[in-house]
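> Chain by chain, the residues run as shown.
Protein chains: 4
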Amino acid sequence: MSIRVGIVGISGFGGGEVMRLVANHPSFELVYAAGESSAGSRLADRFPGLSGKLAELVIEKWDPETLPKLDVLFASLPTGASAGALARVPMDVKIVDIGGDHRHVEGWAYGLADVWPAQIKGQVRVANPGCFPAATLNALAPLLVDKLIEPANIVIDAKTGISGAGRGGSDSRFGYAESNENLIPYGLLKHVHMPEMAETIERLSGGSASGLVFTPHLVPMTRGVLVTIYCRGHATTDQCLDAARRFYAGRAFVRVTEKPPQTKWATGSNLAFVSYAADPERNLVIAMGVVDNLGKGAAGQAVQNANLICSLPETAGLEGAAVWP
Amino acid sequence: MSIRVGIVGISGFGGGEVMRLVANHPSFELVYAAGESSAGSRLADRFPGLSGKLAELVIEKWDPETLPKLDVLFASLPTGASAGALARVPMDVKIVDIGGDHRHVEGWAYGLADVWPAQIKGQVRVANPGCFPAATLNALAPLLVDKLIEPANIVIDAKTGISGAGRGGSDSRFGYAESNENLIPYGLLKHVHMPEMAETIERLSGGSASGLVFTPHLVPMTRGVLVTIYCRGHATTDQCLDAARRFYAGRAFVRVTEKPPQTKWATGSNLAFVSYAADPERNLVIAMGVVDNLGKGAAGQAVQNANLICSLPETAGLEGAAVWP
Amino acid sequence: MSIRVGIVGISGFGGGEVMRLVANHPSFELVYAAGESSAGSRLADRFPGLSGKLAELVIEKWDPETLPKLDVLFASLPTGASAGALARVPMDVKIVDIGGDHRHVEGWAYGLADVWPAQIKGQVRVANPGCFPAATLNALAPLLVDKLIEPANIVIDAKTGISGAGRGGSDSRFGYAESNENLIPYGLLKHVHMPEMAETIERLSGGSASGLVFTPHLVPMTRGVLVTIYCRGHATTDQCLDAARRFYAGRAFVRVTEKPPQTKWATGSNLAFVSYAADPERNLVIAMGVVDNLGKGAAGQAVQNANLICSLPETAGLEGAAVWP
Amino acid sequence: MSIRVGIVGISGFGGGEVMRLVANHPSFELVYAAGESSAGSRLADRFPGLSGKLAELVIEKWDPETLPKLDVLFASLPTGASAGALARVPMDVKIVDIGGDHRHVEGWAYGLADVWPAQIKGQVRVANPGCFPAATLNALAPLLVDKLIEPANIVIDAKTGISGAGRGGSDSRFGYAESNENLIPYGLLKHVHMPEMAETIERLSGGSASGLVFTPHLVPMTRGVLVTIYCRGHATTDQCLDAARRFYAGRAFVRVTEKPPQTKWATGSNLAFVSYAADPERNLVIAMGVVDNLGKGAAGQAVQNANLICSLPETAGLEGAAVWP
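Heads up: the protein sequence lines correspond to chains A, B, C and D, in order.
Once you know that position 87 of the first sequence is 87 in this note's numbering, the rest is easy, because the numbers rise by one and skip nothing.
Once you know that position 296 of the second sequence is 1296 in this note's numbering, the rest is easy, because the numbers rise by one and skip nothing.
Once you know that position 42 of the third sequence is 2042 in this note's numbering, the rest is easy, because the numbers rise by one and skip nothing.
Once you know that position 304 of the fourth sequence is 3304 in this note's numbering, the rest is easy, because the numbers rise by one and skip nothing.
One should not assume that every hint holds.
[Claimed, not checked] Okay, the calculated bits of chain B under chain C, using three or more residues with CB under 8 Å as the criterion:
no., region
1, 1218–1231
2, 1255–1265
[What the hints assert, rightly or not] Taking lysine-lysine and the DSS-like style, the derived pairs with C-alpha atoms no more than 27 Å apart in a straight line are:
no., chain 1, residue 1, chain 2, residue 2
3, A, 53, B, 1061
4, C, 2259, D, 3069
5, B, 1061, B, 1147
6, B, 1069, B, 1121
7, A, 259, D, 3190
8, A, 190, D, 3053
9, A, 69, A, 53
10, A, 259, B, 1147
11, C, 2061, C, 2121
12, C, 2259, D, 3259
13, C, 2061, D, 3069
[As the list claims (entries may be wrong)] So the derived list for chain D, only partly shown, Cβ under 7 Å to chain B, looks like this:
no., residue
14, 3051
15, 3162
16, 3177
17, 3222
Derived by calculation from the structure, the hints in this document are not laboratory data.
Every residue gets a Cβ at the ideal spot worked out from N, C-alpha and C, and that includes glycine.
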């Protein structure tokens, strides 16, 4: 018996990635897809590799009040476009919101699935973390919980492939010739992902996340997020690695590595890599986190959260290894 | 009951891709991995995302005479290194050779799985086609069989991502700075893939493949093969598309498209795309074929062939959609 | 005494590249720049590296009837936008049109500067060849003139970096995530560059260019054009190389190489590379041509043509070696 | 009257870039080139675009005791290979060492040409800064001198294109398929560039550079360095920008921008871009610096230093704008 799934925002990279994962999911069946720019066309017009029933699914115009019978809805709408619309979706439809409007909002669980899965099970409204928070919080969680670092004055230097720059759908603002062979800092001093990171840092540590600094950069590649996080603490590298191994023992998707993680280790998968390099003499702990921005950074974690709230094995449909090289 | 599988050449991109597909295959279990450069290390040392039993598998030094009990062996050895070694593998171990030594050799089926699967079922020795032949022959087969083009004087202009340049393992000769942002023709006038293409063209058409021309080019991307094939014939575009749709009706992995195929439509999957543009007035039929050089061009087709000779559903473990963008 | 130069279409990649070359030209002084999207801004707003007087030049709204006093105008306007507008520019202003509207039009010299510079000197209206014709015709000219190949049934398989896909300005239609790691054929069977190539082939050979085939492909890199041209002829490789060396003896920008040319050998320069591989038994001559689509394929050749019509040394401002790696 | 120049390490990217700049320099004439891997071949064998006398220059085997008559020698040898060898070069040959062996060594000027050109003029031995220090120190100098930031506890998060990873020659260790579409942190906690950065920070500020942190990352592009530097200070953004404008007033190569700098603004040139974003409330000053790792990060600054010590205009041969897109 399959679980009836819908995706709104199918035109975007996040929505498209959810579709790819759902298409190969043992329990989920995609019965509804809605999008702005592609309403009226078949899914196969947009994703030429599809076949069978899925290929013929027609993309609808998004209307939360005329949904077919669904069990789970994945929402990947532009910032600001979720809140009002999703409020009109019936409560018997579970929602995983990949967009940012409901993160740390009352009534919505913050879907950091590798860190507090127990808080997500049983929920019907899940706000999926942003891509940078997904990488950052997975790396910091063990250190914050074990108090190996101070929660204050954390500096996050973030790098992302261009599919994750928050431009949503396939109508990217970034021309190839302008972005290729180019590294671009942006969102200096304030960024929409900071509040959810600060909030989570405080929840995990019990302390204040004052002085949080976050600087994202666009990298000339399609997928991948790496965060290099500079923290204050007197822990050693081994203490950090050990804390992470204990924290993530038995968890399916987080790999703790001694070597600095490369983004391509995660590409095309729902994996997250974390690593650490510390120098107690300089009161310095460097934490590194890697995810695929469309994997753990968006659709992968969304499907993982959907598995949790549907009481399915967490790894259902997500067991693929990274695509390498 | 799982089928015991081994991979020799695990250090190479082809061997690594077979591993990725086998790791998520419902019936195959990887119990043996052998390689040159990584003998003695764990699989997880080479593929940091792995976990569980597969991660701990130790890579052995390749010796065809001391194999464990295997049902299927995938061989991805350098050119010239297969023939002697595989001859010493017991006949109760089925072999799919991804390397080129056994193509169109007596006793080995040529594994063009989308074109003549019936010739592969029941075999115990399968020679997997090269990446360029995989793309080329899938595109040409319907036209040759329906005699819509002449088998002689076919001109194949081929483009490949750099992981498929025939350099095998991860010790690529191609430095990043030299290859990036660069397009390089090579193998002018003669190339190791020509004999198998000529042979197959002749088998499919019943005619002579004289005057075959093939020019490969390295493209600055990791995966993907596109062949643009210039043929002589008086067919129309619609006749070609129609022939292909009939030829591949019911086949799981070949997509016939009206629009010219893009390599990224196949990346990370076992899909092949074919398309045609013809101008009867110029006695010209252009056939286009796209595959992922590590997918249908190597490991994907190898696993598909293994499914065929193990009497499994052809699509087992290969249902993943292309990873896009 | 400097020559007063203007550029219309400064917002496009072609116009921007002309500016880069003119900025460092010993005789040209840029005194006028006009564009659509950037009218009103300073040049330095668009090109942050500029300094001095050039940086402060204000981009005007294009109006051919209110030009300042100019000696030479470079026009890089969208297709169709040149013809009417340039007709209103006074005849005492020399024009080099980088756009396609005037190629092989009465009253305009076709600016194939490496092939027939004598036909360009003394002109006041020059139509710069398109990027694919620049690469193609430089490679074919020696063979056509020496009758080493038939002018009919030439097949040109072309590859271009994305800055040269004819999208003009910096508002590229090609999103990074869609184009990156992707090879895309387009313009099948007919392309706007075919008439000028056919016309020139006929002029150089005295024969008919019937059966001309041209297939362009987008390659995931910023700059570079390579054409692989399949011709009929019984010449040997050495005969072709020898013909090219004689044809281009003393010419500053064309390099005849034995090895197949790589696009990066030309990047950032006005160089063109040509090479040949022939098989008399198959009545086959493969000619290869490489240019930087913004160099010899557009702005470089435009400045070279301007040097010719201003009676300057052909190499003025164009002596830079390719930027490598 | 030209200045006789030699390059040892012509096989490497740095040496090759010096050659490109010298080839187009109004006063320098390349009369000697030496390298390991290419000794015996002509320059044109290695750089196919060259012509004329320069193309025919034969690459010699490096021997500091049998140099021809030279005025200036550029040395681009592997780390550790410079010190002994260059000590045997006669004192009447000026040396600019692009390698790291002589940085902040007695008797050698540290060639930070945009910051203290007066300390370089008149010298005969110049140690060219490393690529990361070039970007970092140009960005920090104005803030250190004006005491807008503390010299201690500076955190430098650095990103470099792969040609600058310190692999020297063209025999890069980095295979294309492994490096492409991948972001890789390396050199965690200690890196060979730290001593020269700490030393210079102390010289410019008069204070201690204790607690310096530096983390480099490999970015999938050929050229470009960006450093994002986190400093402590109560300055405002405008104070930082103003200090930089005053510091670099009249200097030819440094651009102070309000927008965060992109690496491609400098590619192919000797430009350096600096920018700042400060938040006094968080005691935070973010400084950003961009160079082309082969430009200002190596060969460009080396030629600029050579201009200084030869009493030539600083901009000789270096006036080229960035190659864009």
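> It remains to establish, for every hint, whether it holds in the given structure.
Consistency of the hints with the structure:
1. 1218–1231: holds (count 9)
2. 1255–1265: holds (count 5)
3. 53(A) <-> 1061(B): violated, 46 Å
4. 2259(C) <-> 3069(D): violated, 35 Å
5. 1061(B) <-> 1147(B): Since the Cα atoms of residue 1061(B) and residue 1147(B) sit roughly 48 Å apart, the hinted pair is violated (cutoff 27 Å).
6. 1069(B) <-> 1121(B): holds, 22 Å
7. 259(A) <-> 3190(D): The given pair, whose Cα atoms are some 15 Å apart, holds under the 27 Å limit.
8. 190(A) <-> 3053(D): violated, 56 Å
9. 69(A) <-> 53(A): holds, 18 Å
10. 259(A) <-> 1147(B): violated, 57 Å
11. 2061(C) <-> 2121(C): Distance of about 31 Å is beyond 27 Å: violated.
12. 2259(C) <-> 3259(D): violated, 44 Å
13. 2061(C) <-> 3069(D): The given pair, whose Cα atoms are some 56 Å apart, is violated under the 27 Å limit.
14. 3051: violated, 21 Å
15. 3162: Holds - the Cβ of residue 3162(D) comes within 7 Å of chain B, reaching about 5 Å at its closest.
16. 3177: OK, holds: residue 3177(D) within 7 Å of chain B, min 4 Å.
17. 3222: holds, 5 Å
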